[in-house]
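The listed protein sequences correspond, in order, to chains C and S. Using our numbering, the first residue of the first sequence is number 759, and each one after it goes up by one. Using our numbering, the first residue of the second sequence is number 345, and each one after it goes up by one.
Please keep in mind that the hints were generated in silico from the structure rather than gathered at the bench. Since this is a predicted model, take the numbers as computed values, not measurements. Every residue, glycine too, gets a C-beta built ideally from N, C-alpha and C. Be aware that one or more of the hints could be misleading.
Restraint ranges, calculated between C-beta atoms of paired labels, are given here [unchecked claim]:
| # | chain 1 | residue 1 | chain 2 | residue 2 | range |
| --- | --- | --- | --- | --- | --- |
| 1 | C | Thr-796 | S | Met-875 | 35 to 43 Å |
| 2 | S | Asp-872 | C | Ser-782 | 33 to 41 Å |
| 3 | S | Ser-997 | C | Ser-782 | 45 to 53 Å |
Over 12 Å on every C-beta distance to chain C, these chain S residues come out as not near it, computed from the model [said to hold, decoys possible]:
| # | residue |
| --- | --- |
| 4 | Glu-457 |
| 5 | Ala-577 |
| 6 | Met-653 |
| 7 | Pro-813 |
One-sided excerpt, in silico: chain S residues whose CB lies under 7 Å from chain C [claimed, not checked]:
| # | residue |
| --- | --- |
| 8 | Gln-376 |
| 9 | Ile-378 |
| 10 | Phe-415 |
| 11 | Ala-418 |
| 12 | Thr-424 |
| 13 | Val-425 |
| 14 | Lys-429 |
| 15 | His-432 |
| 16 | Gln-534 |
| 17 | Arg-833 |
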Amino acid sequence: MSLYSVLIVDDEEEFRDMTAKRLSKRDLQCECAPDGDTALGMIAEKSYDVVLLDVKMPGRDGIETLREIKRIAPMTEVVMLTGHASVESGINGIRYGAFDYLMKPMELDPLFEKLNAAYERKRTQQEKIKMAQIKKNMARPS
Amino acid sequence: MTLLDRLLTLLRRLRRSATAPPSPGPEELHRQFIARSRSFRDLLTANANTLAAMAELETALRDGRTLSMTFIRARCTLVTVNVFKIIHHLNRMADGRYSELERAFSRLHRQIETILDGRRKPATGALILDLRQVGRAQADLTGEKMANLGEAGSIEGIRVPPGFVLTTAATGLFFQRNQLYPRINHIIQQMDIADLEDLHGKSGAIQELIRAAPMPPELETLLLDHFDRLAEARPGCRVAVRSSALGEDLGQASFAGLYHTELDVGRDTLLDACKAVLASKYTPRAISYRLAKGFRHEEIEMCIGVLTMVEATVSGICYTRSIGGRNDTLDLFCAPGTAKGIVDGTRATGHLLLERAPPHRIVRRLEAEEAIAPWLIDAEATTLAETGMRLEHHFGAPQDIEWSIDRDGRLYVLQSRPITAAALHAPVAAHPPPADDRLVLHGGVTGCGGAGCGAVCVVHGPEDMLRFPRRAVLVVRHPLPEWAPLLKRAAALVAETGSEAGHLATLSREFGLPALLALDRATELLADGDMVTVDATNRAVYRGRVEEALRRPVERTNPMDGSPLQRTLIEVLQLISPLNLTDPASPDFQAGRCRTLHDITRFCHEKSVIEMFEFGRRFRFAKGTAKRLRDTLPIEWWVVDLGGAFVPHYDLSRTDIDIADIACRPLQAIWAGMHGVPWEGPPVAGLRTMVAFLFHSALRDGLDPARTSALREKNYFLLSQKYCNLSARLGYHYAMIEAMLGDRPGDRYITFRFKGGAAGESQRVRRIELLAAVLDHFGYRIDRLGDALTARVERESEQVLLDRLKVLGYLVIHTRQLDLVMAEAGAERSYRDTFIQEIEDMLNHE
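Chain C extracted, bound-state conformation (with noise of 0.2 Å):
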């Protein structure tokens, strides 16, 4: 069984694979989108728990990506990938709600790491506002 599904938004269709390769070994269950558009086409469709986005893409550029998807789906964590340390691209993806970012190349544990984190500030989110919906239909009289 899946822990949790993860969909990986690059150009690099190398890198793309390989990641979901190596991701898969690890129980996640993983999509690939070549661009932007395609991915939130996905998005639209169905749920993912994380997103790992590229910053640079032809097309729709990550941060729009990230804009959308965030608008759309605001409760899946987004984590931005950039192919060389711009401080940029980090901030801009922060403000616009990005989980967390990583420089590219990564090792696979970090990134299984920064994965794990974002979904598990998802389920959290999850949790609480079910928990306060819950007390929320309690507290009104029958």
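Once you've looked at the hints, dock chain S against the given chain C.
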């Protein structure tokens, strides 16, 4: 803070709550509290990440081994983005009341970026210069090598080959027109420098990029025109296309033989040859050399010298001060044909030692066996010595000179540069090797003194480089510059050919790597995996580990010292790591006073803790309100739950709580430490110290009645199940404990801060020393600044961290007001021993 200030603050606070919109309902408050707790925890994670990356940068500055531009840029980005996150989260917790911080942040961020980008001014000036127009004054435009050569040509009686220089303005134009730097940086940023295979792949990609880029048309025309002018004087002439880099003079680095030289180039291949030389800036050996010596590739600008070929009958190297022999002698190395074979170490080389003073008597002559007639007659040797000394005199330092003599007996100087300092270290006196059965090989030439021990790895070609293990003994046939990337990993170098004058020998001296050259049959007699000791000073190789050879100390210098990369790191660290805001009670503790990223981090951390309390106070909201923690000690403890810190059955309407109802593991450990050993109350002070104590209390606080309660101030714990933050004012000192026991190693840490306390400076310092000694004993990492102390432990297992927290719990209680008795010298030792003993008993007891 004066009483008036306090009153004003209080009034402002009251007014704020009075004008605030009507309190939102409990559900809304609960939602807000959860959002704030979440921001607070995210802030703490970013805080830990920032401090970890800062520590990595500081360590890199100290040991120099892991330093690279990629590393600095990546860590600086990590720090900057995480500080931004901290500010972002603080503003979320405080409804944007700290937006002032963003100004300080953007200023620092911009300054750091400017330093990291390097302030490279585009070169302006002629695209091509005739060598006769070139001198030292043009070094910025022509590179070191060609500036020196042009200058040498202007000296009376010294001949250099006719030629011209393609300047930095020209090569800069080539790089810029083809957008090469951004593309190269993109590749380099993704390179794994520890992985030689990756290094070769990326190096190939960059060189290909450069070779494939078109030469700007105006440059192409100029190049061919100048070539034609050379050919007018000597029809059918061929040229040598050589590198001449800029910026190599920075730091103690020779860049010996790292770049490419194309020989015998004609008009049809001139453009390709130029591009090949430019591309050689990115060979694996050049990249790894720059990384090892701390140079940024953008800072090394490449110029190109195009020189008419000299039809050499004999060529060689002259060191105007001998690198192996007596101080009053100079070295001449020579071989038939061009000098390439000597510097590549592939050619059998003759060696002459001459006196530096005229008439330059020949002290010693060593010629290769295959020489039938002497390669260099005495008269030529004397002329060379004269020329060498003239160059040394002109340039003001001992020179490393490359020369050729043509068939008409004319002497040409091809290059002249200062000998790097490393080469001039006094040679160590050699001892005859002990004649025992461990001796495998004896003889050869010392390239760099010293001894090293390791497993043999014979390298025949580039493919062998990839399997070269760390700390192995590098054994090769020829000491080619290609092997340079291995020097940093090797324990010693052994080659069958070569001389002290070879590039690899020069590089081995710079890295302090023991090197033994011209050792016949080394690749035959030494097999992969053999454990050997190479005693380069005494020119011997032994089987196994020979302690007496290794015991003589060899100085291994930090290769980064004085490098541009080190300077860059120092400059950015100035904006990152100094901590100016140390005391939250000081009037300087303000957003506008943040001068470094560390200041911002510290400021935000302090304010975020306060925000969490304030929220509870401002809204008097059931879940956020602090609960009094019941204790037998006469101290007021209050706890605030950030989520999951109380056991499920705890009744939230209560105003106090028992330790048994706390589910927070870190607090349980601290609490156990606080109560593990009974506290005997404040120690009894002598009359004189009591007077001093009162004096200092008065000095600190004035006659402020608000301060009389300081001894009974409330102390707060902020808690979640895995997190604990204690800010305590115990007696007159301030202590902060922060502990996180997460599942991931990065989320497991303890930070302890301690500061202040009445009593004189020397007593406060003595108390800090006592604390530091005890904490050090229990495995804390200590940073001290005056009477402030920070102690950290990170990434340990949960059990280890819980034990360390007990230590803190003990110390917080038992060092209360210790200043009073610490006035007596020698007191700290007895307290230290007592403390350590009691803590160990407490930890072992369970």
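Against the structure, the hints come out as follows:
1. Thr-796/C x Met-875/S: 35 to 43 Å: 57 Å Cβ-Cβ, so the 35 to 43 Å window is violated.
2. Asp-872/S x Ser-782/C: 33 to 41 Å: Given about 39 Å between the Cβ atoms, the range holds.
3. Ser-997/S x Ser-782/C: 45 to 53 Å: Since the Cβ atoms of Ser-997/S and Ser-782/C sit about 50 Å apart, the hinted range of 45 to 53 Å holds.
4. Glu-457: violated (7 Å)
5. Ala-577: Holds: least Cβ distance 49 Å, greater than 12 Å.
6. Met-653: Met-653/S is indeed farther than 12 Å from all Cβ atoms of chain C, at 42 Å.
7. Pro-813: For Pro-813/S, whose nearest Cβ neighbour in chain C is about 22 Å away, the distance exceeds 12 Å, so it holds.
8. Gln-376: Given a least distance of 12 Å, the restraint on Gln-376/S is violated.
9. Ile-378: With a minimum Cβ separation of about 6 Å from chain C (threshold 7 Å), the hint on Ile-378/S holds.
10. Phe-415: violated (10 Å)
11. Ala-418: At 5 Å from the nearest chain C Cβ, Ala-418/S passes the 7 Å test, so the hint holds.
12. Thr-424: holds (5 Å)
13. Val-425: holds (4 Å)
14. Lys-429: With a minimum Cβ separation of about 5 Å from chain C (threshold 7 Å), the hint on Lys-429/S holds.
15. His-432: Hint holds; His-432/S Cβ to chain C Cβ min 6 Å, cut 7 Å.
16. Gln-534: holds (5 Å)
17. Arg-833: Violated, about 21 Å.
Violation of the numbered hints given earlier is confined to hints 1, 4, 8, 10, 17; the remaining hints are satisfied by the structure.
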